[in-house]
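For this one, chain A is given, so just place chain B on it according to the hints.
Number of protein chains: 2
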Amino acid sequence: MPLKNTNIVSAAQTKFGALEGVSLREMFSEAVDKATIGAGIPKKDIQAAFIGTFIPEMLVHQGHTAPLLLDYAGLRGLPATRHEAACASGATALRAAIMAIESGMYDTVLVAGAEKMTSVTTNKATEALAAAADDEFESSIGLTFPGVFGIAAVAHMQKYGTTEEDMARVAVKAHKNASTNPLAQFQKEITLEKALTPRYIAWPLKLFDCSPISDGAAALVVTSNEKAKEYTDLPVKIVGSGQASASMNLCERSELASFPASVSAGKAAYNMAGMTAKDMDFAIVHDCFTIAELIATEDLGLFKPGEAAKAVAEGVTALDGDRPVNPMGGLKAVGHPVGATGVKQIVVGYRELLGDAGPNQVPKHDKCIVHNFGGTGASCVVTIMRRGDA
Amino acid sequence: MPLKNTNIVSAAQTKFGALEGVSLREMFSEAVDKATIGAGIPKKDIQAAFIGTFIPEMLVHQGHTAPLLLDYAGLRGLPATRHEAACASGATALRAAIMAIESGMYDTVLVAGAEKMTSVTTNKATEALAAAADDEFESSIGLTFPGVFGIAAVAHMQKYGTTEEDMARVAVKAHKNASTNPLAQFQKEITLEKALTPRYIAWPLKLFDCSPISDGAAALVVTSNEKAKEYTDLPVKIVGSGQASASMNLCERSELASFPASVSAGKAAYNMAGMTAKDMDFAIVHDCFTIAELIATEDLGLFKPGEAAKAVAEGVTALDGDRPVNPMGGLKAVGHPVGATGVKQIVVGYRELLGDAGPNQVPKHDKCIVHNFGGTGASCVVTIMRRGDA
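Same order as they appear, the protein sequences are chains A and B. Using the working numbering, you'd call the opening residue of the first sequence number 1 and step up by one each time. Using the working numbering, you'd call the opening residue of the second sequence number 1 and step up by one each time.
Hints are computed from structural coordinates only; laboratory data are not their basis. Glycine included, C-beta positions come from ideal geometry on N, C-alpha and C. It is possible that some hints are incorrect.
[To be verified] Listed next, the stretches of chain A that the computed footprint assigns to chain B, with coverage defined by at least 3 CB atoms under 8 Å from CB atoms of chain B:
{"no.": "1", "region": "72-83"}
{"no.": "2", "region": "245-257"}
{"no.": "3", "region": "375-388"}
This is chain A alone, in the form it adopts within the complex (with noise of 0.2 Å):
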């Protein structure tokens, strides 16, 4: 059955990057200023809040982000639990936040995201990644996150052939789309020949496959039917919502080209909305590799297995495409605070569904999927989303 309590009034984002002298806390307020009063709702409106952050306890020493990060917002003494799922924190805070409000607990609630990682060096901030896979059994004996994924492109290399070439035009195309998104942490485009630069991080993924590391925050006000009216005549609604979890260790795995919980997820989440894959006129799905979108948009059922690679080469996944996948950049070019990103994601449905995402407007956009994958794929949360009118 549809969710039919679930609307997104307000969404909003800090520019991604290297945000130099921006702290955790700063960034948070920020995007939780723009997706309120920016918006024109009150902060006293909101009633409790759900927050994703990742690992800020090895970025910046500080746990117990959820209260601190709220009370710097401007909104001391709500309800604030923080939510983690490595990289699909963001989402997991969005998936409390719409039980909340289909509890009937809540009618008005903040969901955010954030995190700080340039206040490490890069071989702090890998270390601390690492800590979102199996540490007894991979990470500590040297496997890091390009390690993980370097392994799934070797794997869906064998099966379907694809190529680093192929990968390669996954980043060109971020990147085209992010040149026109101020908020981007990379806003130029690059070659094919650019993206094939042989600079590699861990054999077939190259520099160009991997998304940055990046400081940012974003937030959405999350209410009832009821109250979505108070603030707007045209909301989101969240139709959809399906998480899985898989086994944390690769080697647990029977099959290394597909992630099993992003499956899961994804046939929960068209159960639950009673759509199927056709019906989705773009998609936002978990690009923090190259090989993670292709991989991402099989799983989804968007492309049959073994051909996102085709179907990216064709223009299919492009902006103004048959079925665009990450129309403002993905993490690959716009950037990966990580516990932000599962809210940022939702930020782009928004803004597309909308028809308010300017130069990177998609042409068809009354429904989405977005893909939010955390770890090794350990956890994968999709949710999907109309526009209220479509």
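For chain B alone, coordinates are given in the frame of chain A:
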């Protein structure tokens, strides 16, 4: 309006203490096994999991704990999110589960909490715990948690004339109750003289005023009314749940002898349950330090401000008193594996309400209040439960 559809149908914990050679995932699995198959509930009935861990990132270099722990507990694939609010992490996981059930999205879910703390030195654990306070303004300049609660103790002493002996009596009661609790870290009674041993940790708090560093896990199965009938004739009903936050900084508080988040969360829970402090037969409060128990019972309205110490001295809060507090020994003597604590408190409430607490059974056990508290009191969750037939 009281919650109408949320039941606890099983509850279990591991032994708390320095569990040498037992890893985080092993403890977690033990608690889950006890709460599921140990209670006749097939694991396949569980539809989603809500997991509290505080800071495994710094204690065992492991983030993204929800899917990892769930996998090891034989529940691979389920939706699983980690909830964190410092020492209140466990209760925020329960709150998310309440919303999941009340929203109708799930019928049967797992709530579990765990922490492995003895994996690091006491200094490292103290540094990790300090991440629950404000790093920019307090913890980075040397304020650790014994200091925070030492400040609260001084404020309470100044305002109400509370003495070191008053606090020591809380420790004596805790150890007495834990002496008959085989799952407690400390199972030895202590004399008032011993509790007053002047081994100051942060004046006026001495060694016996402080809860220990512990390992442990706890788990609950939470269901809808319909499902509860399949498992038991006598569930425990959750009728009220309140959560609040406060400034993280003590310097932003106008009052230090009371915690505003406890007051607000308590009021919210009483309101929802349609009950008052007078209705509570016994209480389980967050006694991370002895002073915290005194203040919590005042903040929840169980005693008037400044009168909790007298109640303790007169035996009112003893196991056989009129208003037992922490009948199985509390954090102080049972131990405080941070992420597990909020769930373990519910386990205690469940057992007491069902008359299943053996030598630690309180005489009157229809309704109880449970108070879980995070960091400097910047988070608080209060839960009100009653026996299904009460």
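> Count the residues of the region 72-83 of chain A with a beta-carbon closer than 8 Å to any beta-carbon of chain B: does the count reach three?
Replying inline: holds (count 8)
**Prompt:** For the region 245-257 of chain A, do three or more residues have a beta carbon lying closer than 8 Å to a beta carbon of chain B?
**Reply:** Holds, because 5 residues of the region 245-257 of chain A bring their Cβ atoms closer than 8 Å to Cβ atoms of chain B.
Margin query: Is the coverage entry for the region 375-388 of chain A by chain B consistent with the three-residue Cβ rule at 8 Å?
Written below: holds (count 3)
No hint from the list above goes unmet by this structure.
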